[in-house]
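J.: Sequence:
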Amino acid sequence: MGSENTPRTVENHGTTANVDVARWNSLLDGLEVTRLTSDFLARVLELPYYRDALLPTTEVRRTGEQSFAALITSLRSTDPTGAPADPAELHDVKVGIATDVGVSRARADIPLDALMTAIRMDFSVLWDALTALSSPSDAPLLVARANSVWQVVDAYASQSQGAYMSERQRMATEASSVRQGLVASLFGETPPPSTVVQQAAAALGLDPGARLDVAVAAGEDAPALRVSIALAARRGTEIFTHPFADALLAFWPAGSKPGSALYEAADRISTLRCGLVEEVQGVGALHDASTLALELAQLATAQDEGALSLDTAWGRLARARLGSEGIGLATDVERTLSECGPGERERLVETARAYLETGSVSASAQLLFCHRNTLMNRMRRFASLTGIDLSIPAQAARLVVAWA
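Residues 233 to 636 (the numbering used here) are what the sequence shown spells out, left to right.
Rather than coming from a laboratory, the hints here were simulated on the basis of the structure.
Where a beta carbon is used, it is the ideal one built from N, C-alpha and C, also for glycine.
Be a bit skeptical, because a hint or two may be false.
[Stated by the list, open to error] Derived DEER-like restraints, expressed as beta-carbon distance ranges: (1) Glu421 <-> Pro625: 34 to 42 Å; (2) Ala346 <-> Ala404: 13 to 21 Å; (3) Asp341 <-> Gln535: 50 to 58 Å; (4) Arg458 <-> Val325: 42 to 50 Å; (5) Thr590 <-> Gly514: 33 to 41 Å.
Based on the sequences and whatever the hints tell you, model everything.
T.: Following this line, the structure appears as structure tokens:
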């Protein structure tokens, strides 16, 4: 008897499975894409980001109808296990729809969480419609197929998520490229026109007339500036940058509040070996300020322990610019002093340098550990030899620049 029962069980199981498949597909036949989409719209438009988004309702309806049609087709099955029917052609269609949804929502600035919530509403919409069409006797069938419905919707959600994230990355790359192009236009060979200044300021989120600080670090000094920029970024503060051939330019809004991340970053940069131009008046003035900051950076030496500004390095800057014109600022002075003995020459030069630094006879005497009268005698001797009276600013300025 056992041998007679075995084939009957298999036959009954197969018959039951076939009945389940037929009933399942019958329930799917009762689903109306238009009604499903309307139900979906009523729910999804309650979500804040969809309700207030720039995405037209017609666009949500269009992709909703496409996705429900594809999901229903995918749920149809001739497999007794209820495995979804997903041939290559249908897979390509679903990927196309998911990509359409992911890209359009990314471009509409709908957050990813909101998109995932909306897509997973497809499951509840489908499930509510299926249970409404079913009878109490269909309960085992619905329980058996619930996982298939979820898998189909979840696969669609994953495909849409992938498309969304790829598009957001593409948008970020595009925005970065556009912004970098606008920033680069600020530092071309000639000052930028006002239209470019306006566009660049908008891209950077700056007022065109904003006060800015500019720093340039050249050569081996550039990595330290990059570290300061990175430290600021870790605290959520952006310092704008632009690369030169062998230097790095950074700029940021001036006048930040003490204790803020930007204030601390600016303070840190001021201790680096770089060229620093502060209180630049507006984005349009960055062009000339960057040129000056680069010149200052290129004047820095290993002995410098902080940023060079116009206040602290104007003498060096003037000497470099005049030197490039072939102007010898103190050739005659050096020639005259060379005629003195080594000892006298050393004393006269150190006296002149001390007075140029302090501007005071008393302070200079203290610096050199000599009497005031001794210092004044040396100054008179210096004047008689070189023709430069150190106490007269217009004459002393030549040495300030020449010896900077």
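J.: In this structure, is the beta-carbon distance linking Arg458 and Val325 contained in 42 to 50 Å?
T.: For Val325 against Arg458, whose Cβ atoms are near 48 Å apart, the range 42 to 50 Å holds.
J.: Starting from the hint 34 to 42 Å, judge whether the C-beta atoms of Glu421 and Pro625 obey it.
T.: 37 Å, holds
J.: So the hint says 50 to 58 Å: do the beta-carbon atoms of Asp341 and Gln535 match that?
T.: 52 Å, holds
J.: Starting from the hint 13 to 21 Å, judge whether the C-beta atoms of Ala346 and Ala404 obey it.
T.: For Ala404 against Ala346, whose Cβ atoms are near 19 Å apart, the range 13 to 21 Å holds.
J.: Kindly confirm whether 33 to 41 Å is satisfied by the beta carbon distance between Thr590 and Gly514.
T.: 37 Å, holds
Consistency with the previously given hints is maintained throughout, with no hint failing.
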